[in-house]
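**Q** Dock chain to chain to rebuild the complex, using the hints, since each chain is given by itself in its own frame.
Listed in order, the protein sequences are those of chains A and B.
Residue numbering for the first sequence follows this note's numbering, beginning at 1 and increasing consecutively.
Residue numbering for the second sequence follows this note's numbering, beginning at 1001 and increasing consecutively.
Worth double-checking, as some hints may not be accurate.
[To be verified] Simulated pairs of lysine-lysine, PhoX-like, Cα-Cα distance not exceeding 25 angstroms:
no., chain 1, residue 1, chain 2, residue 2
1, A, K12, B, K1006
2, B, K1038, B, K1022
3, A, K122, A, K49
4, B, K1018, A, K12
5, B, K1120, B, K1107
6, B, K1006, A, K292
[To be verified] Pulled from the structure, derived: some chain A residues nowhere near chain B, Cβ distances all over 10 angstroms:
no., residue
7, S40
8, A51
9, V55
10, S85
11, A233
12, V287
Hints listed in this document are in silico derivations from the structure and should not be mistaken for laboratory results.
Glycine residues also receive a C-beta, built at the ideal position from the N, C-alpha and C atoms.
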Amino acid sequence: MTTLLEIREYIKGLYARFGAVLTPIARFAVALIALGMINSGIGYNETLKGALPTVIVALFCALIPANAGCALIAVVILVHMYSLSLLALGFTAMLFLLLFLLYFRFTPRTGILVVLTPVCLKLGIPYVVPLSAGLFTAPESALSIVVGVVVYYYLVFIGGSGATTGTGSVDQILTSLRSLMDGIAGNHSMIIMALTLAVGAVIVCYVRRLRIAHAWSVAVAVSSVVMLIVLFAGDIAYNTGMSIGMAFLGMIVSAGIAEVLVFFFFNMDYSRIESVQFQDDDYYYYVKAVPKVTLAAKSHTVQRFSGPEAEEDGIYYNGPDDFDYQNIDEDADRSDRPEDGGESGDGRESRGSRDSGNSGDDRPGE
Amino acid sequence: MLNEEKIRLMTRLALYEKNQLKEDETAENYFKTDYISKQLLGSLVSGTIAFLVAAGAYAAYNFDIIMLSIYSADVKGLLRQVLFDYVLFMAAFLLITWVIYAARYRKSRRGLHRYFSALKKLLRGYGEDPE
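So here's chain B without its partners, still in its complex pose (with noise of 0.2 angstroms):
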């Protein structure tokens, strides 16, 4: 005999340990902090080579004028907007990145909760215990 409630519940657990369950015990695994840390790092990362990236195509672009002021050796200037740049970038983008892996932590801990109060919903009703 089909119990549609039962079916509707399986459903959902199951449809959420297709798409989101893998992700969200991801982050489950850390604290806040150590979650948000490793994503920063990975942008870190990532951050840098696109700004190594753009940076050499915008040299390529402006290849005469860098040219002349390296000749007119101002190269310490160069690099020190440069670094600048760099760093407005990297503080841009790793806060971009702090404000999207701080909701998803919270999202993947309410996922979690929600996930684990059917699943003892669906024990209760197969008379099991769920603690």
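Isolated chain A, as found in the complex (with noise of 0.2 angstroms):
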């Protein structure tokens, strides 16, 4: 465990030092599976479809903010759209404006979710969506999980049967258009994994919040069982032909997911709960507070014995005892502070003055 905290205490450490890069990093690489996704299965303009125009407009995602990546690869998915057929363009446009009308009024800060869910979905693990989304975010974020699923079975769907949607006389173009409407409202593989992810995303975010120990864990895993439970159910009652044991599978890995996620986010130690009862005037207060699992990160101090650099310093060495090894920070905060006096002074004088220091700090008037 102490292993594990440490190398938590390590990558926390590294994405603070380079969180300005990383961000943007990972932000790239899901643009690019994204259009890598769009154009697999849709990639109708050869222009388009070739890898530096992808990797441009990946860049481009990963550099501006999150909606506007979003608005971005709904123009890419366009141009595909109108390359198929004018059909094709109209009524995409006329689903992502229906999408865009109804949901992004509400939930405009996850606009994030409507790309990682067909991502995810794509790789098998959609389910890390809603778990993720329910530990860290509201409960409308499910609006969001639900249009990335609309979009990812819409573009499957349309990769699948995008030779039949052309033009031609009206009698065509208006089959096109009901095939393309039953390929989405009667999609029942669709429906039934968007029901899955929005319950699994508002049971999360409910038993999250709820006073009882290992709460993230608990809401993991009482979602993980629900999700499968309804997807089961929606398996039976249409009849989608899923497969019970890649869904079993996939579930099991993003709850693994999500529980790396509560391990770095909300790592408590409930074995050292304290409860505490006290009250004022108006109110008992029973407090019970939950002490994080923290670990300080080793710091390797390097201490010159010799060399014109210790003795500039003034540093002797006289044998193992002669060390203070305990304030090797503290020796080196004082050396800072010219009120404290930091080349000469015990340790008691030192606190003492920087105690002072601070509350001269806190109230310069006095």
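**A** Dropping the structure here:
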């Protein structure tokens, strides 16, 4: 466990240092996967399908805000649809307009989920999206996930039956339009998946807020089980031909990823819960305090015992008992503070002067 | 000299200013009823456009039935049905808008209250009178 905590602290430190670079890289990777998926499924425009345009668009997506990135990917889809037929372009534009009017009004901040959901569906681990969205965002994120599911199944459908969406006589156009609408509204797999993921996200949101030990892990477990039940019930009711083994495997992997997230963001030490009770004039307070599991990162201090730098610092080594290992950092801090008399004075005096320094800083007027 | 408490406080304030302050201040500029009314008006417009688009798609899908209905001179019945669907759809859409934006207004007030409390605490730390 200690090793895991050390790794966690190391990764957190790494992210703190290189977060400004790592975040765009992660967004670039997601955009690249999404664009690759679009190109392989509905890549009707040969120019946009190429590797260089794909990488350039993914780069743009990494650098602009998440919602603008979603809009850019939507434009790429529309260009592919235009290359297929005007009808496909019109229908897709209408679908996006509906999603924009009905959905983006309410949850504009979770637009990234609209891209992440199809990507995870393609990877076979869609359940990780509601699990993580439920842990970190509001229940409204379920809307974004539903939109992501609709977009994914629409792209899969049009990729499979794109050749039939041609233009021609009015009858042909109407027939194509009907087949497109049937492909959306009559797709039971899509409806079941959207319902499953939406229910999963809402359940995680609700359970993680309960005042119980291991609330986040319990939320992940309960939501996973409920999602499996909804998925299997939907499969039995509509006979969607879903692979139960793959669904089970995907759920286990998704729950595992969610548990890793819990470990990184909400790691509590439930064995050291403190329950205290106190009162004031109006209320009795029953407080339960759960300490976080933290581990101080190992710091390696290089101390020179010989050579010109050591002599300049006035450091002399007289054996292991002579060295104060506990106060290395305090000594270093003290030397930065002229009011503490950093170069001399014992630890007690300097701590006292540091306290007075703090209080003085808090109340400079005094 | 670094004061960790102040740094924490200022970081929290800066994060709030960056992510939420503008939105919360916009909400705070209105009375609750005015704020929700404004959002309901926006939803009325976007909901109506969405309904028209969806109705257009539905009409294209059921082109034959609609044409037969027109020839059988039951235009009134058709219009009544469309109007009923529109009212039902808008009622549901506006209800969702009302619930979401009422909660968002409450959240904005809470956020601003916390923000100004933290700001006062910070100013007190600098020896300034927050009032």
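**Q** Next, verify each hint and record whether it holds.
**A** Hint by hint, here is what the structure shows:
1. With a C-alpha separation of about 22 angstroms, the suggested pairing of A:K12 with B:K1006 holds against the 25 angstroms cut-off.
2. For the suggested pair B:K1038 and B:K1022, the alpha carbons sit about 17 angstroms apart, so the restraint of at most 25 angstroms is met.
3. Our distance criterion of 25 angstroms between C-alpha atoms is met by A:K122 and A:K49, whose separation comes to about 18 angstroms.
4. For a cut-off of 25 angstroms, the pair hint linking B:K1018 to A:K12 stands: about 22 angstroms separates their Cα positions.
5. The straight-line distance between the Cα atoms of B:K1120 and B:K1107 is roughly 20 angstroms, inside the 25 angstroms bound, and the hint therefore holds.
6. In summary, the hint linking B:K1006 to A:K292 is supported, as the alpha carbons are separated by about 22 angstroms, within the 25 angstroms threshold.
7. Against chain B, the non-interface label of A:S40 holds: every CB pair exceeds 10 angstroms, the least being about 28 angstroms.
8. The Cβ of A:A51 sits about 36 angstroms from the closest Cβ of chain B, beyond the 10 angstroms cut-off, so the non-interface label holds.
9. Distance to chain B confirms A:V55 as a non-interface residue, since its nearest Cβ pair spans about 30 angstroms, more than 10 angstroms.
10. Against chain B, the non-interface label of A:S85 holds: every CB pair exceeds 10 angstroms, the least being about 15 angstroms.
11. With a minimum CB-CB distance of about 26 angstroms to chain B, A:A233 clears the 10 angstroms threshold, and the non-interface call stands.
12. Even its closest Cβ contact with chain B, about 20 angstroms, leaves A:V287 beyond 10 angstroms, as expected for a residue assigned away from the interface.
When each numbered hint is compared with the structure, no violation occurs for any of them.
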